[in-house]
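Since the structure of chain W is provided, determine the placement of chains X and D on it from the hints.
Sequence lines, in order, name chains W, X and D.
Counting in our numbering, the first sequence runs from 1 upward without gaps.
Counting in our numbering, the second sequence runs from 1 upward without gaps.
Counting in our numbering, the third sequence runs from 1 upward without gaps.
Each hint should be verified, as a subset may be incorrect.
Example chain D residues on the side facing chain W (calculated, C-beta under 10 Å, incomplete) [said to hold, decoys possible]:
no., residue
1, Leu21
2, Ser42
3, Thr48
4, Cys61
5, Leu128
For the record, the hints were derived by calculation from the structure and aren't laboratory data.
Computed from a prediction, not measured in an experiment: that's the story for all the values here.
Yeah, the Cβ is synthetic: ideal placement off N, Cα and C, and Gly gets one too.
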Amino acid sequence: MFPAKFDYVRADSAADVGRLLAEHDDAKLLAGGHSLIPILKLRLAAPATLIDIGRIPELKGVSVEGGALRIGALTTHAELASSDDIRRQAPALAEAAAQIGDPAVRNRGTIGGNVAHADPASDLPAVLTALGATFHMTGPDGSRAVPAESFFEGMMMTALQDNELLTAVEVPCQAEGQASAYSKLPHPASRYAVIGAAVRLTVAEGRCTEARVVLGGLTPIPTRALAVEQALTGKPLDDRTLQAASAATADGLGDDLLGDIYASAEYRKAVAHVYVRRALAAAAGRLA
Amino acid sequence: MTTRMFGSAIRRREDPRLITGSALYTDDMTLPGMLHAAMLRSPYAHARIRSIDASAALEAEGVVAVYTSADAEGELNPVPCAWLLPNSGLVVADYPSLAKDTVRYVGDIVAVVVAETRYQAYDALDLIDVDYDPLPAVTSPEQAAQPDAPQLHENVPGNQAFHWTLTGGDVEAAFANADVVLHEHIVQQRLIPNAMETRATLAHYIQASGELTVWNTTQNPHILRFVSSAVTGVPEDRLRVIAPEVGGGFGSKIAAYPADFITMLCSKKLGRPVKWAETRSENYQATTHGRDHVQEVELAATKDGKITGLRAKVWSGMGAYLSLAAPGIPTILHGLMLSGVYDIPAIQEDVYGIHTNTTPVEAYRGAGRPEATFMLECLVDRLAKELGLDPAEVRRRNFIPAFDNGHPVVTGLTYDSGNYQGALDKLLDKAGYQDLRRQQAEARENGRYLGLGLATYVEICGLGPSQVAGAIGFQGGLWESAIVRFHPSGKVHVFIGASPHGQGEETTFAQIISSELGVSPDDVKVVHGDTDNTPMGWGTYGSRTTAVGGAALAVTARKIRDKAKIIAAHLLEAAVEDMDYEDGKFFVKGSPDQAKTIQEVALMANVAWNMPAGVEAGLEASTFYDPPNFVYPFGAHLAVVEVDPETGQVDLQRYVCVDDCGPQINPMIVEGQVHGGVVQGVGQALWEGAVYDEDGQLLTGAMLDYAIPRADRLPNIEVHSTVTPSPHHPLGVKGIGEAGTIASTVAVYNAVMDAVAPLGVQRIAMPFTPERVWRAIQDAKEA
Amino acid sequence: MKVQLTINGRRFDREVEPRQLLVHFLRDLGGLTGTKVGCDTSQCGACTVLLDGVAVKSCTCLTVQADGCQVTTVEGLSRDGKLHPLQEAFWNKHGLQCGYCTPGMILASHELLRTNPDPSEPEIRHALEGNMCRCTGYQNIVRSVKEAAKTMAGGSQ
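Just chain W, with the same shape it has in the complex (with noise of 0.2 Å):
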């Protein structure tokens, strides 16, 4: 397939992406391209400009920073699957990120570019919404910082403003005491997520202090399984305290649940206690 035209301009800096935002109408931010790219080829979108942000050195790079993970926005899924630190800090996210697409989409595809399409079959928004995420942006008005779960505000939107620019994503380092894993049904054709559950855990004296459990793939956005979360805190991490909290997934997941040709919306909705018990396994595995 072949994209219509649009004129092409190249950022040099976040303050360069600012200025360009503002001197084209219809414009829309290039990173990887490998969420828009296929939008464009299709013809689903036909925007006037693109604005290439994919040379800017301040959106990339992993760092560690007072307590957190600082993941700049260009940094790739290749990326967030081998990085050390990301791999200790928050290993849910690398293994997340392990699972996306196949080699050749890793090396392309960005964080960023990833949560700021927001689809809701995608691996990244479940996981950084469990990992307590919080996305950095700025625009016209300055900076701001906006947490995991008032980010993804709907199927493909976004807190992000059409003047705005994803620059970083910050992920707490895990604590004393936790563990995250995410455990995943991918489509057999695009290796989205029919069902994705992110969890992580926090121990303490061989009780579960925290349980942030969260679910994608089959909610428009990730949706947090309150009552997974309920049943877990305070208890002992055995297999029969997953079992159990597992089986209320479906509790909180509400009636806006995603279906199609594939699996249905009644299907994910009784089979993701499977997927959440299996993270939840992995991720009480490691505290062990």
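Frame of chain W, contents of chains X and D only:
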């Protein structure tokens, strides 16, 4: 060192160009002044066209022309159907290349844009304004056969393109006297072939001479020339079709397509080369699909497990129009194979060819035979369960005993040779079947659901005797041809009418020459795919290239040998009767030193300074080989799966197969064909299926939605073989291209059904998505 | 827009439309038709090339994004007429039939061996999940990659 390379796993001669990126496929071709065509396809499955306004497109940058059906009037004849099944009431509906007043599937071509670049051609598609009046659509063949269904063609009442019947033996009596009658409702879902190279055409018409050269992604260039001449009116002597490198076909590149003829028309009108290459989405919409059967089938048996009768009704989806060979697939290639590897005394089948508002259906790897094998093999497994017998035992009780020179079955065919029990025995041994059954029993006790699935099959291939082709309505012959030409240096050119596209005959045919004539395969160049320099032939499909073309080549080589012997005798001043031949050398009996090599003979034949009286110069021969019968490869396959009852996920853990294609020319290539064939059939069982919505929109419209097998979800295929030569083939060989696909779908199906049997599940529709398996388990729990 | 790419060591200065996909630059302007297009949606991997040494799908990359970069295509793998060990291994192990997926498959395998010189069979299968082949059932491709890994490690083991 011997030069007899028959049976050696030598590396392929076609590979160097393919692994370096130097091979040229149709879309890799560029000619000076070349234009690009893009097809405007109907977004509706069924609609009247009120009007088409192309004025804005014509004004667009780079656009040279826009054509619609009016421009094709008098220039393009309808797209023909070439399999006119007799005694079936077959009606061929008008199949225009450019839709006239009605579109009948999403993908029907309404207009073509020709522009300087491909990007410009696609830009202009968006500017053509078509006013459609949507009509009700129907996509299931079973529903389309109902009296109140939307009608596609005025002259095809009830959407029924044909009704073919087969009767052998006394079916009524078989069912009346049966101890056991089993019934199955089977949906052989529609599949998208997915050759990795999509289809493309480059047409170059020279107005001054009236000559048309066409590069096309075809499996059968000679048929394409024949048909293109009929459609475009360009005489065959001025029409050259070239199949350059072709990136897989699997049946989808047999048909001659509307877009091909439209591209030819564009070049003819504009006098410039025009290239069209479809996108993958376009390929999904408009390149032929496969399968699409709804089957109602009943099996009659005794309480001892002996099958006494089979009765079936099949609604076979044809899509919106009859594609080139479509009517023959669910009938000749399917119905006639319903006895399978068993002696079934009574068989009856009704096949209804039904039009629906969908992409036309054609051959797809296996073509009819997987659908027949599936029917039988799933019922044989059901019978085993019903009678509490092991599936291997039920098969043993019904197999045709081993035979090596002809066995008639009740459908009217005579199989050439077979040893079905031999193949199954070897399979059970290689797979460790009894151990697997023990493992299965243990697993069940631990709440794990392992399943074993057997499939035994025989297939008809090597199409086929031309007289039979005529009798079954095929509008062509089914012989193959070969020319073998020795050059003065002893190097050899082989020209064949078949057109391999990945199967490796440039290598295996060189091996045939090497074993017949004692030259190194490296000294043999196999030329194919160009109608101007190869003899007429019917193409590469139906596992026929080696089975028929290979026979043509062997016969030709033997003619060469006979002539070479006469020349050698003359050179050695010996009598021809006193000459012997071995491994490229002609020598006087008992005096191996008095010898001439084939190369020496080739030199003399070409310079012709000293030829025997009455013998022509040159060392060249040709053959048009019409086989006396089809060939019937067979085998036995086993799939081992585990089903996760919680999610419905199926994990294919092992796959073991024994195939018998007769003597193997190149075992490495045979093994590769089996791997690929098995995986394609596994794809049907586990992942693949074209899905339309009620309005006829293809929901699996891109590779994003339609799942073909990927590397990470497959086990290694364990390949074994037995060797039962065909009695009538000069080399004894059969065919192997489709065997894997024919057996593997039902092997996996049977394995999954075996896995979930303890849960009370009776049947699940393919493909086995987790949801379908999970739902079947839930339903069984509730029941 | 003016771009400059170095493809297989050869510099190309060209004027392109911003919308042009890298695969079309390679095929139509570079004359390098070894790189194939097999789908619209970044699934099939037939268009895989190395961009600054890293495997990417050239159908999902704009030429302008590759401006100033080094590109390696299948045509650039063999040196001085000598096949790359991966090419040699695909030939030896019958890792191809119709050959259409092969250039992408070889470059995806190249990427794997760059990051993991001694991959296990499951690792190979996982690494090739973004490259589709309809002919081989992948088994001989896996064998080919194994053999190449061995050769590239200097034939040790």
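Structure-based check of each hint:
no.: 1; hint: Leu21; verdict: holds (8 Å)
no.: 2; hint: Ser42; verdict: holds (6 Å)
no.: 3; hint: Thr48; verdict: holds (5 Å)
no.: 4; hint: Cys61; verdict: holds (6 Å)
no.: 5; hint: Leu128; verdict: holds (8 Å)
Consistency with the previously given hints is maintained throughout, with no hint failing.
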